[in-house]
Amino acid sequence: MKGYSVPQQNAPSQFGKGDVKIEASDVVYNGYFKMVKYRFRHRLFAGGWSETIDRELFERGHAVAMLPYDPVTDQVVMVEQIRIGAMVASESPWQLEIVAGIIDKDESPEEVAVREADEEAGLTVEKLEPMTSYLSSSGGCSERIHLYLGLVDASEAKGVHGLPEEGEDILVHVVPFNTAMQWINEGKVENAASLIALQWLALNRDRVRAESSSIG
Numbered sequence: 208m209k210g211y212s213v214p215q216q217n218a219p220s221q222f223g224k225g226d227v228k229i230e231a232s233d234v235v236y237n238g239y240f241k242m243v244k245y246r247f248r249h250r251l252f253a254g255g256w257s258e259t260i261d262r263e264l265f266e267r268g269h270a271v272a273m274l275p276y277d278p279v280t281d282q283v284v285m286v287e288q289i290r291i292g293a294m295v296a297s298e299s300p301w302q303l304e305i306v307a308g309i310i311d312k313d314e315s316p317e318e319v320a321v322r323e324a325d326e327e328a329g330l331t332v333e334k335l336e337p338m339t340s341y342l343s344s345s346g347g348c349s350e351r352i353h354l355y356l357g358l359v360d361a362s363e364a365k366g367v368h369g370l371p372e373e374g375e376d377i378l379v380h381v382v383p384f385n386t387a388m389q390w391i392n393e394g395k396v397e398n399a400a401s402l403i404a405l406q407w408l409a410l411n412r413d414r415v416r417a418e419s420s421s422i423g
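Residue numbers for the sequence shown follow our numbering, beginning at 208 and rising by one.
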């Protein structure tokens, strides 16, 4: 790969959507998910424009993931279900995750978090705190995930949940926070949303518990 000499930068570039020229976009597959093929050019860091680039983009909409946490008992609620991606790329098709769901039309991320907590774990969310949002795999997918902490009464969570009409079969786990972190160290938690959320809680746990105690 050829290199270019440019001044050292200590901040992200100021490039934006106006620095990309989309020449064509065509839907090449539209089933459970959608695939769109784009042809585009973009500005180069060294000046000028790139050659035309062809890329397929996986479009599955945007999603919400929420870590249910009981600050009184210091427990987290996780769910376990079969995942098609893990069927191909992991030792086990069943994955330990936090609750999550796709944002439907006219739904807010907060509404999705509350709905999914009930559908996947039988939980009532007492308070939501936004953590962050991120692109799940920006090299080939447009999905943005909105990540939340949800304060709950973990004693409500038990059993098997999910919507049969959506092929869901979801087992609920209620574990001490330290056990969940041990699962990370043992490689039992493999998906990005759960890893990010649990590590966020590790950084903010003392504050969250203190604030919850003062409110209570």
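I should point out that these hints are in silico values taken from the structure, not numbers from a laboratory. Incorrect hints may appear among the rest.
As the list claims (entries may be wrong) - Here are the simulated distance ranges between beta carbons:
1. Ala-218 x Ile-291: 19 to 29 Å
2. Gln-216 x Gly-347: 23 to 33 Å
3. Gln-406 x Ala-293: 18 to 28 Å
Because the structure is a prediction, the values reported are computed rather than measured. Glycine is no exception: its CB is placed at the ideal position from the N, C-alpha and C atoms.
Here's how the hints hold up against the structure:
In this structure the hint that Ala-218 and Ile-291 lie 19 to 29 Å apart at CB is violated, the actual value being about 40 Å. The beta-carbon spacing between Gln-216 and Gly-347, approximately 26 Å, falls within the hinted interval of 23 to 33 Å. The supplied range of 18 to 28 Å is met by Gln-406 and Ala-293, whose beta-carbon atoms lie about 21 Å from each other.
This entry does not satisfy hint 1, going by the numbered hints stated previously; all others are met.
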